Amino acid sequence: MADSNEQQPSTRVNSLHPLRSGFGPARDLWPQIETRITSGRFDAKLVATPGAGGRHGIPAWLAVAAAAAVLVAVGVWIGHGERPLNTVRKETENAAATPVLASVCVSDAQYQRERTALLSAPAEALSGLPPESRQRVLASLATVHEAVQDIEAALARDSSNPLLQELLLTTCQDETRVLTEVQAAGSAERAGRGI
Amino acid sequence: MRALILCLIGSVWVNTVCAADAKAYSEHLAASPTGSVQIDNVAGSVTVTGWDKPEVDIQGELGASVDRVDVTHTEDHIVIKVKLQDNLIHVPDHSADATLQIRVPQDSSLEVSTVSAPISVDGVHKASRLHSVNAEVHAGIAGADVEAASVNGNVHVSGNPGVVTLRASTVNGTVFLTHGVGDISAHTVNGKLNLELDGAKSVDAGSVSGDVVVRGHLQPEAHLKATAINGQLSMKVAADAGYKYDISTFGGSIHTCFGGQDGSGPVKGQVGQGGAGQASVHLSTLHGAIDLCDK
Chain H
0 MADSNEQQPS TRVNSLHPLR SGFGPARDLW PQIETRITSG RFDAKLVATP
50 GAGGRHGIPA WLAVAAAAAV LVAVGVWIGH GERPLNTVRK ETENAAATPV
100 LASVCVSDAQ YQRERTALLS APAEALSGLP PESRQRVLAS LATVHEAVQD
150 IEAALARDSS NPLLQELLLT TCQDETRVLT EVQAAGSAER AGRGI
Chain D
0 MRALILCLIG SVWVNTVCAA DAKAYSEHLA ASPTGSVQID NVAGSVTVTG
50 WDKPEVDIQG ELGASVDRVD VTHTEDHIVI KVKLQDNLIH VPDHSADATL
100 QIRVPQDSSL EVSTVSAPIS VDGVHKASRL HSVNAEVHAG IAGADVEAAS
150 VNGNVHVSGN PGVVTLRAST VNGTVFLTHG VGDISAHTVN GKLNLELDGA
200 KSVDAGSVSG DVVVRGHLQP EAHLKATAIN GQLSMKVAAD AGYKYDISTF
250 GGSIHTCFGG QDGSGPVKGQ VGQGGAGQAS VHLSTLHGAI DLCDK
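Those protein sequence lines, which keep their order, are chains H and D.
Numbering that gives the first Met the number 0 numbers the first residue of the first sequence as 0 and each following residue consecutively.
Numbering that gives the first Met the number 0 numbers the first residue of the second sequence as 0 and each following residue consecutively.
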């Protein structure tokens, strides 16, 4: 992490002002996602309607284009954010020594775009799962979301706390991991059904 | 009483019909001893065992809603995919189950993906990538590079001296690791991490909502990092030449067995023989308690 900062000094965050203003999407996407998922959109039917129109009446070309866009976003993000295991050592050392948060999770605009793309994807990815499984996944996404909010609230009171910054980074990475795994789960499920 | 008897008869009838509908499946093909095998299944189970033959053997039972098993073989790569009947979504009974027992060359690279089918793998020496939704993953006698993940299910991994990297994660569930060696990464959102180390080189463990319990031994230059947002960290770890540690929590409490370090932290210190070792332990929580001891 420290190496990448040295290579790209312009992206380094030296104060909390840019960090806070650039942290989240322009709006909280969670209520919308939850509404979409819990609405009638995912009424499970034993047998879906066959045909080119797709399961939700979306034109096939549009569904393919959307899926391609999401896959590209996931691919780019995974490549961008993946941490080899041997970086744990450096990160551990830096976390204790460096109060500056040089986080792809918080400060990187590209991350924010990809995160938004991923956040809009679970609804589609989850549609193939049994209802109770879907609920459990949603509960976990909510858990991560609440954890992020908890840390943000604490940061609002103690904005220079390096521990909170480290925990926020870790939780953001957890969120990404969950979203990516949910995406992969949805793909596996659809592949099995030949969709 | 009459209703109970009718229910029992009904249950037996349903099971009999389901069993009658299951089709046996068998396939045997030559394989590269160091090739790769990919397995996809939607429901049922997948059990994979490594063996010393350059062959792949598939035995199984397919439910009535299973359309076919596609097996494709290209150069060093074999793909085994269970296909359900077209447009099938949620099947309330077990008719979509495909129960597969597969033997692969022990030096194969393995990739298994299931939706509602537990995965069990044993004796595959190279890389294994095991992913499941709604089911448990068991990786016994793990290979050199193991990635085991479940969305709704527990993950059980058993390491051995040959393991280099070991990644285990779940969204809803607990990660159970025994004989943890090499570079270890373990994460969960709603669940626990229960890690037994046996000479780990690096450990990165994290839970959003759940406790993290780590027991065992670190290599002399190992680094352990554990984080919990709403959960406790309970660590009993030792290293031959000791280790440095730093512990911090935002709203939890800290306890160590090193004396005089109880409170809310942060705490730094060193255990062992005069700092000869380069190992380090870094622990942090938002709300949970942290407990560290070297014995």
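Warning: the hint list may mix true and false statements.
Calculated lysine to aspartate or glutamate pairs in the DMTMM-like style (CA-CA distance at most 25 Å, straight line) [to be verified]:
#1 Lys-294/D with Glu-195/D
#2 Lys-22/D with Glu-54/D
#3 Lys-82/D with Glu-131/H
#4 Lys-267/D with Asp-157/H
#5 Lys-125/D with Asp-210/D
#6 Lys-22/D with Asp-51/D
Because the hints were derived from the structure by calculation, they are not lab data.
The structure presented is a predicted model; accordingly, all values stated were derived computationally and were not measured.
To test your reading of the hints: which numbers does this structure violate?
Per hint list: 5, 6 violated.
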